[in-house]
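**Q** Mind docking chains P and E on chain U? Use the hints.
Chains as they are written, first to last, in the working numbering: chain U, 1 to 338; chain P, 1 to 178; chain E, 1 to 403.
None of these hints come from the bench; they were simulated from the model. Predicted model only: the values in this text are computed from it and were never measured.
Calculated cross-link-like contacts (lysine-lysine; reagent style DSBU-like; alpha-carbon spacing at most 35 Å):
hint, chain 1, residue 1, chain 2, residue 2
1, P, K45, E, K283
2, P, K27, E, K286
3, E, K312, P, K150
4, P, K7, E, K197
5, P, K150, E, K179
6, E, K312, P, K60
7, E, K283, P, K27
8, E, K263, E, K283
9, E, K286, P, K161
10, P, K7, E, K286
11, P, K7, E, K245
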Amino acid sequence: MGIIPLIIWLIEDLLYVIIFPGLVTVMVLAIIIIYIERKIAGKVQMRFGPLWVSKRIGGALQSVADLLRFSFQSFIVPEGADRLAFILAPGLMFAFSMIPLIFVPVGPYYSLLFPAGLTVLLSVALILVTPIYAIVIGWSSDNKFSFVGSLREAFLLMSYEIPFIFSVLSMVIFYRTLNYIDAVASQYRFLPGIILNPVAAVVMLIVMIRTTGRFPFDITEADSELVMGLFTEYSALFFGVGMATPYVELYVYSLIFSLLFLGGWWPAPLYSPGPIMGLILPGLVVVVKAFIVMTILVFLRSVYPRYRLDQAVRSGWGYVMGLSALAVVISILEVIFL
Amino acid sequence: MSESSAKERKLRNPIVGHIRALAKGFKYLVEPNRMTLDYPAETMKLPPNYRGFFTVDDKKCIGCSMCEMICPPQAITMIPRVQVQSGQTVPEGAGQGKKTKRPVVNWGRCIYCYFCFDICPVDAFVPSGVHDLAFYNDKDYRPSYEEYLKPPEEPYKNSKKVVSRPDLKRGVGYEPAP
Amino acid sequence: MSERVYNIEEAPNIDVSGDRYIMLQIGPSHPGSGHMRIKVWLDGDIVVKVDPDIGFVHRTSEWLSERREFIKAIPIVERIMLPDTIHANLSYITTLERLLGLEAPPRAQYLRTLAAEINRITSHLYGIGIFGIFLGSSTVYMWAFGDREPFIDLMEMLTGARITYSYIIPGGVRWDMPKGFKERAEKVLEYMEKRLKDYDDIWVKNPVVQSRCVNVGVIDKTNAIRLGVVGPNLRASGVYYDTRKHDPYAAYQNVDFEVPTFKNGDAYDRLLIRVEEIKQSMKIIKQVLKDMPEGKIIDEGTYKQLNPVMKKVYDERARVMFPAFYNHMRPQPGEATGRVEAGRGEIFFYLRSDGGKYPYRFRWVTPSFRNLPFFTHVAVGYRLADLPAIYGSVDYFPPEADR
Chain U
1 MGIIPLIIWL
11 IEDLLYVIIF
21 PGLVTVMVLA
31 IIIIYIERKI
41 AGKVQMRFGP
51 LWVSKRIGGA
61 LQSVADLLRF
71 SFQSFIVPEG
81 ADRLAFILAP
91 GLMFAFSMIP
101 LIFVPVGPYY
111 SLLFPAGLTV
121 LLSVALILVT
131 PIYAIVIGWS
141 SDNKFSFVGS
151 LREAFLLMSY
161 EIPFIFSVLS
171 MVIFYRTLNY
181 IDAVASQYRF
191 LPGIILNPVA
201 AVVMLIVMIR
211 TTGRFPFDIT
221 EADSELVMGL
231 FTEYSALFFG
241 VGMATPYVEL
251 YVYSLIFSLL
261 FLGGWWPAPL
271 YSPGPIMGLI
281 LPGLVVVVKA
291 FIVMTILVFL
301 RSVYPRYRLD
311 QAVRSGWGYV
321 MGLSALAVVI
331 SILEVIFL
Chain P
1 MSESSAKERK
11 LRNPIVGHIR
21 ALAKGFKYLV
31 EPNRMTLDYP
41 AETMKLPPNY
51 RGFFTVDDKK
61 CIGCSMCEMI
71 CPPQAITMIP
81 RVQVQSGQTV
91 PEGAGQGKKT
101 KRPVVNWGRC
111 IYCYFCFDIC
121 PVDAFVPSGV
131 HDLAFYNDKD
141 YRPSYEEYLK
151 PPEEPYKNSK
161 KVVSRPDLKR
171 GVGYEPAP
Chain E
1 MSERVYNIEE
11 APNIDVSGDR
21 YIMLQIGPSH
31 PGSGHMRIKV
41 WLDGDIVVKV
51 DPDIGFVHRT
61 SEWLSERREF
71 IKAIPIVERI
81 MLPDTIHANL
91 SYITTLERLL
101 GLEAPPRAQY
111 LRTLAAEINR
121 ITSHLYGIGI
131 FGIFLGSSTV
141 YMWAFGDREP
151 FIDLMEMLTG
161 ARITYSYIIP
171 GGVRWDMPKG
181 FKERAEKVLE
191 YMEKRLKDYD
201 DIWVKNPVVQ
211 SRCVNVGVID
221 KTNAIRLGVV
231 GPNLRASGVY
241 YDTRKHDPYA
251 AYQNVDFEVP
261 TFKNGDAYDR
271 LLIRVEEIKQ
281 SMKIIKQVLK
291 DMPEGKIIDE
301 GTYKQLNPVM
311 KKVYDERARV
321 MFPAFYNHMR
331 PQPGEATGRV
341 EAGRGEIFFY
351 LRSDGGKYPY
361 RFRWVTPSFR
371 NLPFFTHVAV
381 GYRLADLPAI
391 YGSVDYFPPE
401 ADR
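Chain U with its partners taken away, still in its complex shape (with noise of 0.2 Å):
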């Protein structure tokens, strides 16, 4: 390999992980869906919604009001905080719950700095580890709502990783890999991953919730119990930054579930070659998808209340946990059988 061919693919790895799929796209797409989320709480509360910022186009830079807001405030550390850990730990929740969408693609034209090979394993693992993050938030803000907080999170962690990677695993059963490129294109050849093992995609879809504390597993936040949750200490950007932390993981989980589950870039060609073909446009619909089921999830929002701690934990390890083992055994039986 020449080095103008090195220095063009460096670019373009740059172009994809900073503006499309990455970062960019997600800090409009969060944007955006935190203003459909309240829009459509609006819609079912009978009431408007953000509206007054921007009247012209229904209120939608509130979003981008609050974020301006967010990053004008004074940012306060409190006495007893563990200072370093309670700087650093919003952004590198942030940081971390970014960095799988390395290992997602979102075109057949991804190859990339790294090899395509074990592509949903690694996006798996480091997808769990985000959490991590908040339990060193919970323990650095010397704060006993946070400190609640945290270990609600944690034992939420432990009781929903094994029904998430179950799910997974059936698929990579099913599918024969452990590649999202490969995994779409056998979707193509049957059938959208969502019809051959629908108990897998619920499986996937309730832990897509509890994970990003949609209601109603708005749990670890609990408002009336725990003020703020996790991030009852922050302020200024780094609880704007906390905010918007459980809408990346949201997307994340839901361009996994699009890839997964929804056929992936169908109806888009499958390999073709090129940016354009290869990456925008079959990008595209994957984002789109995945924005639907983010759209989904966020409309719970409007008609639940949470769940209790023990419920939620109880539910995990007993009929999340059975079913994510059916959904193993549905794929293992469907390989034999198909």
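**A** Only chains P and E this time, still in chain U's reference frame:
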């Protein structure tokens, strides 16, 4: 005549419950049925009996101090005035006539109970139909008598005026004021 | 469903010193506390002791009302229980009328019943909404507060104010029903009946709510009586007691309604009983609107004392103005008590006059204060996450308890 009824509660099956809850939420999502008012772009035209800011009819008032006596938060102060020939009053020393008193309301204390309206033997108080008014500083709460006589200015003059009406779909509907 | 770990009997006697327990201070500035501080000791996730620290909104209301003329106590009693002002007002006036020897004419009694029941509905909706946000459902919070609006709108039509009505005066009420009130009220009731079905789907029979509330915060009949619980919380434990039935005031002996009770005495029953009471209140309002007698809205004695201008106002606008003696009302020396069933329970006033301008003693007993010991005991043994469920279901209103 029925007295008491010990009720049996029936719990709904969780699966049915989830489906009905989601369906109901979805129904409200696709059929938005807003019950709020787009304040301050739309403001209410208040009914005539609404207890908002009020002022006093300078000619009708007889200066009897009954309102000052009944005012529960002691918001009303009677200030000495002089009633001139035309029936209007002027500050002391500004004219010749009968010595009398007139009420002034401290808006910071007033609780809008309208006891002063009801105790007034000549029915001299006049409601203004304004209620959504804020003051920028402490002094504005305590108008002088001349300021008090002017009806308070209504904020959001360019807003659309609406009145409420009963509505079977959203409880209270709003329609443009006549 | 969680089982209770600690016994209700030994609950207040647990020694919470030492490292085993975490103490959480919920409040006074906390989304789930209201205007009070709840000290909670936790054993892991289990609540072992609850110590409500009240008094943050104590406003010396009793003292204030003892240093004012009798008529001036009306706005003060209203301000202790803002979601429920008519009941405070009605209770005080019932007491004062007994002291003065006045009796309101039938139409005024019916209007009082009407206002009280409209207010009970808004009060219960307020309670349901707060319960909703405590469990995390912002939808039911918005809905309940939005659906108070039609009823507040009715009261605004009747009294000219939205919350602090000051509607009931000794010997009658201040305003008669305006034109078109009846039609409007009927439409609002029809709307609310339809809406209650939506509440069933989204909130009352939502599986998450059921699993959060069933068998949480259980208090049985004996303990409920022993701890002096009042109002809907008492009836949710299966005790049939309602001042409207046992000591009828206003026009309650003339209307047909039932007092719903439930058996289990958990948070879910306390939620259901409020929904049932809204239904009963709507039934009462319908009857009151139908049976409303004609006549004066103020008693003859007071009417005679109105001057000609006031009589003209009364005839033209159906508005009662105050005769001059209101300014210096001096009841005969003596004492009187009065109680009514407010939204949160029985409210009781004791009034004593020594013949002077001011009350000699004016004692208030408010329902939320009487529900407080119950709250101390009932949360023990459940999880921390159950605390908002219990607190919300009790429908405790701190300013009412602190006074």
